[in-house]
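Kindly produce the complete structure, drawing on both the sequences and the hints.
If you read the protein sequences in the order shown, they are chains D and E.
Counting in the numbering used here, the first sequence runs without a single skipped number right up to 231 at its last residue.
Counting in the numbering used here, the second sequence runs without a single skipped number right up to 231 at its last residue.
What the hints contain is simulated information worked out from the structure, not anything from laboratory work.
Treat the hints with care, since some could be wrong.
If chains are identical, the list can't say which one is meant, so a pair holds when it fits in one copy or spans any two.
Calculated pairs, DSSO-like style, for lysine-lysine (alpha carbon to alpha carbon, straight line, at most 30 Å) [unchecked claim]: (1) Lys88 <-> Lys127; (2) Lys33 <-> Lys127; (3) Lys88 <-> Lys33.
There are 2 protein chains.
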Amino acid sequence: MTVRQDVHSAGIPVLCQSCEARHRGVCGALDPDQLVGLARISSKHTIEPGAELIGDAETVDSYSNVLSGVVKLTKSLSDGRQQIVGLQFAPDFLGRPFKVESAINAEAATAVSLCSFPRASIERMMRESPELEHRLLKQTLNELDEARDWMVTLGRKTAAEKVASFLLMIARNIDPTLDPATNVTSFELPLTRADIADFLGLTIETVSRQLTRLRTDGLIRIENNRHVTVTSLTRLASRSGA
Amino acid sequence: MTVRQDVHSAGIPVLCQSCEARHRGVCGALDPDQLVGLARISSKHTIEPGAELIGDAETVDSYSNVLSGVVKLTKSLSDGRQQIVGLQFAPDFLGRPFKVESAINAEAATAVSLCSFPRASIERMMRESPELEHRLLKQTLNELDEARDWMVTLGRKTAAEKVASFLLMIARNIDPTLDPATNVTSFELPLTRADIADFLGLTIETVSRQLTRLRTDGLIRIENNRHVTVTSLTRLASRSGA
DNA sequence: CGGGGAATTGAATTAAATCAAGAACGGTGG
DNA sequence: CCACCGTTCTTGATTTAATTCAATTCCCCG
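Here is the structure:
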């Protein structure tokens, strides 16, 4: 065990040793030397729930990997109506390359920890390492698939189906190892009712009513507002419209 | 003029000479040699309106550039409810790299002409030419931005705002040179009312009523159902909720 | 224990969907 | 060229899902 550890982590910076981004995230594209170079200029932060990470139309000069927690990406209309257009979980890459301005807001939904690097360094590494850009393309394609799935949910599902779909999506992202065979799972909701409403294009009252319905129908249990236990993923899925 | 032409098109395949994809599309990443190689294995098609280009869950073994016309990308729920999740105009690249199955349907909304290449060739060229992958990443990031913009429209705008937003989007895509100063423009709608409804998450009746409203309010004129003249882009924009 | 934001619940309202005719359009063939 | 047909689109009347408005109730935290 010790030996295996030594072999595997030879030359890998301490900062990166147990980092998920090195395995499933973009850093997997880097060899130990590059990792050392990047680790030297990167820094770990923890962010309070509610803190803004990227402001609308603000210039972005750093990129990050999400190490833990949930980041919500939002867009707003001029009169204040808001829509959550994506959620990022570990080990997602956060930031919009090749544009000086971000058209979206990013905000910590829960406590979040990030590993951040200066914009210029990543862009240089991307030019040097096609594999890094390749990983980023793959993540972007996945995000595009997710966004399009949500468009179906937003445009064509009923309130009941939206809420069921949302719970399923969260369950799968919080616990990515979730076996399709298991039928029961539980998790902390990373979003408030207001956030869920902004994600689903509904009002908080409608979200609340639909959750109550799922609860009284015995598909879920809710403790302390945030802790959800799904007692039948199958039944939940059948109400999600998919 | 003749001289300039000759210099610029030296070694460029006839097929690609006047192709927009060479300028604004992914083929701009290729040098004349690569272009010749690709042109040898690529073929131009024209597709009837309504023809299916990529079937849901079908294996995709070719990619294409859109040369003209409009392609709609759709997703459906099991009970038939449909959502259009994107539109592709020239010179967009069509296809989902790195996945054997496509999760979406692609269908010609208008008459479409395509330039298609075998899947394997493009993937090989992508490995050889990071610049090609870079272009693709940029297009994908743009599509992601568009998808997220639409999520706001789907989730948070009223029917009236949705229809106004749709007309603006079409006007800008049909005529990409559209000067923000000009206030009047006209175009053929590439979609039927049913398509528009599927795009906006509405019913055809609601789309029709909103178009009638814009017409009676003097913002647009409609001839023969499909030909739209926007008489005030400014007023249209102010009704789009942005 | 008590204050304050978050969530739930109920009643009334409304925007959009549904149901139901017609009208306009675009091919086709006489 | 015009009459016919099927499709697409428009318009109107009604219904309904979700919003809005309005109290409570429930948690969390000091």
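Hints and how they fare:
1. Lys88 <-> Lys127: Both. Shortest intra-copy (19 Å) and inter-copy (10 Å) distances satisfy the 30 Å Cα cut-off.
2. Lys33 <-> Lys127: both (24 Å within a copy, 28 Å between copies)
3. Lys88 <-> Lys33: Close inside one copy (24 Å), not across copies (33 Å); limit 30 Å.
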